[in-house]
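Build the full structure now, drawing on both the sequences and the hints.
Heads up: the sequence lines are chains A and B, in that order.
Per the working numbering, the first sequence starts with residue 382, numbered consecutively.
Per the working numbering, the second sequence starts with residue 382, numbered consecutively.
Just so you know, the hints here were simulated from the structure itself, not pulled from any lab data.
Among the hints, a few may not be true.
[What the hints assert, rightly or not] Beyond 12 Å from chain B on every Cβ pair, some chain A residues (computed):
| hint | residue |
| --- | --- |
| 1 | Thr384 |
| 2 | Arg406 |
| 3 | Ser482 |
| 4 | Arg515 |
| 5 | Phe540 |
| 6 | Arg567 |
| 7 | Leu569 |
| 8 | Glu652 |
| 9 | Ser669 |
| 10 | Ser721 |
| 11 | Arg722 |
| 12 | Ala740 |
[Unchecked claim] Simulated restraints on C-beta separations:
| hint | chain 1 | residue 1 | chain 2 | residue 2 | range |
| --- | --- | --- | --- | --- | --- |
| 13 | A | Asp596 | B | Arg689 | 32 to 42 Å |
| 14 | A | Pro412 | B | Arg461 | 19 to 29 Å |
| 15 | B | Gly656 | A | Ser394 | 52 to 62 Å |
| 16 | B | Ser499 | A | Asn451 | 51 to 61 Å |
| 17 | B | Asp445 | A | Arg538 | 39 to 49 Å |
| 18 | A | Glu704 | B | Pro644 | 29 to 39 Å |
| 19 | B | Val630 | A | Arg782 | 45 to 55 Å |
| 20 | A | Asp565 | B | Pro644 | 28 to 38 Å |
| 21 | B | Arg632 | A | Pro644 | 22 to 32 Å |
| 22 | A | Arg626 | B | Arg745 | 42 to 52 Å |
[Claimed, not checked] Beyond 10 Å from chain B on every Cβ pair, some chain A residues (computed):
| hint | residue |
| --- | --- |
| 23 | Ala401 |
| 24 | Ala542 |
| 25 | Gln628 |
| 26 | Leu710 |
Ideal Cβ positions, reconstructed from N, Cα and C, are used throughout, including at glycine.
Number of protein chains: 2
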Amino acid sequence: MTTPPVPLDTLASRLDAEDALAPLRRRFLLPQDTVYLDGNSLGPLPAAVPPVLRDVVTRQWGTDLIRSWNSNDWWEAPLRVGDAVGRLIGAAPGQTVVGDSTSVQLFNALSAAVALRSGRSLLVVDPDHFPTDRYLADAVAGLHGRLVRQVSPADLRDFLAAEGHQVAVVAYSPVDYRTGELYDMRALTGLAHRAGALVLWDLCHAAGALPVELDALGVDLAVGCGYKFLSGGPGAPAYLYAARRHQEVLRTPLTGWNGHADPFGTARGYEPAPGIARARIGTPPMLSLLAMEAALTAFDGVTMTEVRAKNLSLTGFFLRCAEELLTPLGLTPVTPADPSRRGSHVALRHPDAYALVQALAEHRVIADMRAPDLLRFGMNALYNTHGEVLTAALRLRDVVRAEGYDRSPRRRGAVT
Amino acid sequence: MTTPPVPLDTLASRLDAEDALAPLRRRFLLPQDTVYLDGNSLGPLPAAVPPVLRDVVTRQWGTDLIRSWNSNDWWEAPLRVGDAVGRLIGAAPGQTVVGDSTSVQLFNALSAAVALRSGRSLLVVDPDHFPTDRYLADAVAGLHGRLVRQVSPADLRDFLAAEGHQVAVVAYSPVDYRTGELYDMRALTGLAHRAGALVLWDLCHAAGALPVELDALGVDLAVGCGYKFLSGGPGAPAYLYAARRHQEVLRTPLTGWNGHADPFGTARGYEPAPGIARARIGTPPMLSLLAMEAALTAFDGVTMTEVRAKNLSLTGFFLRCAEELLTPLGLTPVTPADPSRRGSHVALRHPDAYALVQALAEHRVIADMRAPDLLRFGMNALYNTHGEVLTAALRLRDVVRAEGYDRSPRRRGAVT
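And the structure:
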C-alpha cells in the first residue's frame, strides 16, 4: 500500500507550521501581498534599520556632528561591523573589515595574494565567475605581470596537478551566481593549499545563506557584498577577510589614510596599521555602513546551521513545486537537486526568461533573471515561507499558461 | 578727522544684516546654541536629507525593492549626482562620477594619468598634501615603476623648468588642508600643461567653498570628497572628474562591472563604458549616495561667486577678530590675510591647540585642530554668520584667559 503524495498546499502549510524560524519574518518590513524571492540580489528592509538610521542622521550627524567619530564610535565601525559579518562567515574577531565595494575589495585581496605568493605567475578564476571577479583578476594580473587562467572548479584538480606550482591564488565563489550550484569549499581550499596556492573566496552568494567556515577551513582571503543575503541595504559596503596568519605581511595597494598605523599623524610614508585595520582605505560611507550594522541584527540568536536547514527546505520545496507545476510547461531546473550541491537560489531555464520575470512581477512575485535564459528565485530563511514558494510556482505556471509561453512537448507539437 | 574703529559686535550685526545668503541657513538643521566651525571636516545636516532618506529607505528600498534600480533611477545615480557636483566645480555634464572614497578615486585618477602620459617617469605631489594623497601617489608610482617627487607649489616653476619633460602628472590641492592657504589653480595648471604634464586637483577643501572652474582652466583630472563643504554626510561618496577630451582613452585599474560597456552582459573581458561611466567601479552605497544628492540641493539657486564672497567676508572678519582678541594672547594666524590666497578656513597657531579646541567645544564652539599646533576654523557661507564668528573668537579669548593658555609677551614675561 503506497500513501498518495501530499498535495503541495498541504505540504507548504505543514512545513511552515513546523518552522522554528518563522517568527524571524517580523524582523523585516516586507511589502504586503508581495512574494519577494530576490533577496539574493537585494535583501529586503530589516525592521531594525529605520530607527537606527534616524538616530544616525538626526542625533549623530545632526547634533553630535564631527564629535561622532569618537563619541558614537564611527571610527571603529569598519572593524566592529567587520566582526559582525565575521560571526556569520566563521571568522574570529579581528580578521574582517567592512567598506568600499566588492570590486574594490577584490582588487585589494587579489593584489595582496599576488604579493604573498610573489614567485608564482598564475591567478586562477572560474570562467563562470561573476564578471567583476574576472575583470579585477585581469586588472591585477596586468599590473603585476601575471596571467589569469580560467579553470572550472570541476577541473581544478587536474589543472593544479599540471601547473599548481605556478598558481599564486585560486579565486572562486562557493555558489554559482547563475545556476545556484554550490561547490565544495573544503575540497577546493584543500586542493589549492596542497599546491601551495592561496585561496580567495567571493562570498557574495554564500554569506548569510549557509555556514561558511573560513577559519576552520584555513581560508586565506575572502570578500563579499553586504546587500544580498545579509540584507544590508542597496549598495551596502562590502567586506574583506584576511586570515590572521597573513596579516603581519599583508600589503594592499589601496593605501588610504584610514589604514595607516597613525591615521591622524602626518607621516611622510605609508605604514600599515597592525592587524586587519591595514585593509581599511578611505573614509567609509557611514549612513550605509551603520544601516548595515543594524540590518545584521536580523541574524541575532540564529545559527547558520538553522538558516541553512530552512533554506534547503525552501529550495527543495521549490524544486518539488517546479517538478509538478513547471517542468511540464518547459521550465527546466538547472540547480542541482542534491542538497549538498545547492546554494540558496534556484534557477529555471526558459527561452523567455526575461518576459516571464516581468510578467511574474505584475503578479506580485519578484524574482530576477540572468541572460540569456535563466529565471532565478532566491530564498532566505529569515523571512521566506514555503507558502510563498508555492505561490510563486503557481503564479509562474499561470503566467506561462495564460501568456502563451508554454514550451511543453504537447504544446510545441501543437504549434509547429 | 579719523572715524573710530567700528566695534566688532556692531560690525558683525551689520555684515549679517547685509548678508543676502542669510536665509540659506534654514536649509540646515544645526544644533541650537552651538557655533559650528568644522564644516570643512564634516558639513552639518541639510534639512533636505531626512525626508529624502526616509523615502529612500521606506519606499524605495522597503517597498520597491530591487525594482528601484530602474524605477527610482538608482542605476544612474552616480552619474546624476556626479553632474550635480559638476555644477559646483565648473564641470559640464558627463565628466564627473560619484562613488567610493577619495583615496580610491585618487588611485584611479593617478593611475589613469600615468597611463595617459606613459612615456614620463615622475608624479609630482605637494610635500604638504593631505597624507592620503601622498600615500596613493607612492602606491601608483610603485605599481608602474614611476617615481614621486614632492615639490611645493611655490617651487613648481623651477622644478618643471629642470625636469618638466619627465613629469606625467602634477597632483595638487588648491587649498592647504592645514593652513587654509589657497594656491593659484590657473597658474599651476598652466605651468603643468606647458611642461606637457597633466594636472590632477584634489578638491576636498575647495568644492562648495569657492569657484572651481575645471572646464575653463582646462584641468585634466580632479577628485574630492562629498562630506566637507558639500555637506553630503559622514563619509559621503567621493567623486572623480575626467575632462571629456581624455575620456575615450581613459583607463582606470579598478575595472568593476558598473563601469563596463555592457554591465549586465557576461562578456569575457572588461570593455570600458563610453564616457565618464567607465570610471564607475562597483555597486555604490545608495543610502549615502542619495543622502548626498539631497544635501547638494542646499546649493540650489546660489552661485559659487556669492558663496565665495561671503566666505571671504567670514574668514576676513575672523582674521580681524583674531587680530584684536587673540593675537595679543599668543594665537598667531597662519592663514594668508590676502583674500586671493585664502581658502575657506582660518588656522591659528598655538602650542596648546589640542587642549584649546577641547575647551572650546565645552563652550559650544566646534572647531578642530591639526597636529601639532594648529586650530582650524572652517566657515561655510550657506549657514555660518559673522555673529557666530565673533562668538567663537570671544569664547576662545575667554578660554585662553581663564585656563592659563595666555602666551602673550606680557604673560610669558611674567611667568619666566
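Against the structure, the hints:
Listed as outside the interface, Thr384/A is consistent with that label: its C-beta sits roughly 40 Å from the nearest C-beta of chain B, beyond the 12 Å cut-off. Every beta carbon of chain B lies more than 12 Å from that of Arg406/A, the smallest distance being close to 14 Å; the non-interface claim holds. At roughly 3 Å from the closest C-beta of chain B, the C-beta of Ser482/A falls inside 12 Å, breaking its exclusion from the interface. A cut-off of 12 Å between C-beta atoms contradicts the statement that Arg515/A is not in contact with chain B; the least separation is 7 Å.
Remark: the non-interface label on Phe540/A is consistent with the geometry, its nearest Cβ contact in chain B lying 18 Å away (cut-off 12 Å). Every beta carbon of chain B lies more than 12 Å from that of Arg567/A, the smallest distance being close to 28 Å; the non-interface claim holds. Distance to chain B confirms Leu569/A as a non-interface residue, since its nearest Cβ pair spans about 22 Å, more than 12 Å. At the 12 Å boundary, the C-beta of Glu652/A falls inside the reach of chain B, the nearest C-beta of that chain being 9 Å off.
Its closest Cβ contact with chain B, about 3 Å, brings Ser669/A to no more than 12 Å, contrary to its assignment away from the interface. Distance check for Ser721/A against chain B: the nearest CB is about 27 Å away, which clears 12 Å, and the non-interface claim stands. Listed as a non-interface residue, Arg722/A keeps its Cβ farther than 12 Å from every Cβ of chain B; the least gap is roughly 22 Å. Every beta carbon of chain B lies more than 12 Å from that of Ala740/A, the smallest distance being close to 14 Å; the non-interface claim holds.
For Asp596/A and Arg689/B, the hinted distance range of 32 to 42 Å is not satisfied, since their beta carbons lie about 55 Å from each other. Evaluation of the 19 to 29 Å hint for Pro412/A and Arg461/B yields a pass: the beta carbon distance comes to about 26 Å. Range check, Gly656/B to Ser394/A: Cβ separation about 54 Å, and the 52 to 62 Å hint holds. Remark: the range hint 51 to 61 Å for Ser499/B to Asn451/A is contradicted by a beta-carbon distance near 44 Å.
Separated by about 45 Å at the C-beta atoms, Asp445/B and Arg538/A satisfy the suggested range of 39 to 49 Å. Judged by the Cβ atoms, the range 29 to 39 Å given for Glu704/A and Pro644/B holds: they are separated by roughly 34 Å. For Val630/B and Arg782/A, the Cβ-Cβ distance of about 53 Å falls inside the hinted range of 45 to 55 Å, so the restraint holds. The beta-carbon spacing between Asp565/A and Pro644/B, approximately 31 Å, falls within the hinted interval of 28 to 38 Å.
At roughly 30 Å, the beta-carbon separation of Arg632/B and Pro644/A lies within the given 22 to 32 Å, and the hint holds. Checked against the hint of 42 to 52 Å, the C-beta distance between Arg626/A and Arg745/B comes to roughly 49 Å, which is consistent with it. Non-interface call for Ala401/A relative to chain B: holds, since the shortest CB-CB distance, roughly 26 Å, exceeds 10 Å. Every C-beta of chain B lies more than 10 Å from that of Ala542/A, the closest at about 25 Å, which supports listing it as non-interface.
Against chain B, the non-interface label of Gln628/A holds: every CB pair exceeds 10 Å, the least being about 19 Å. Interface exclusion of Leu710/A from chain B stands, the closest Cβ pair being 25 Å apart, more than 10 Å.
The structure fails to meet hints 3, 4, 8, 9, 13, 16 from the earlier list, while all remaining hints are met.
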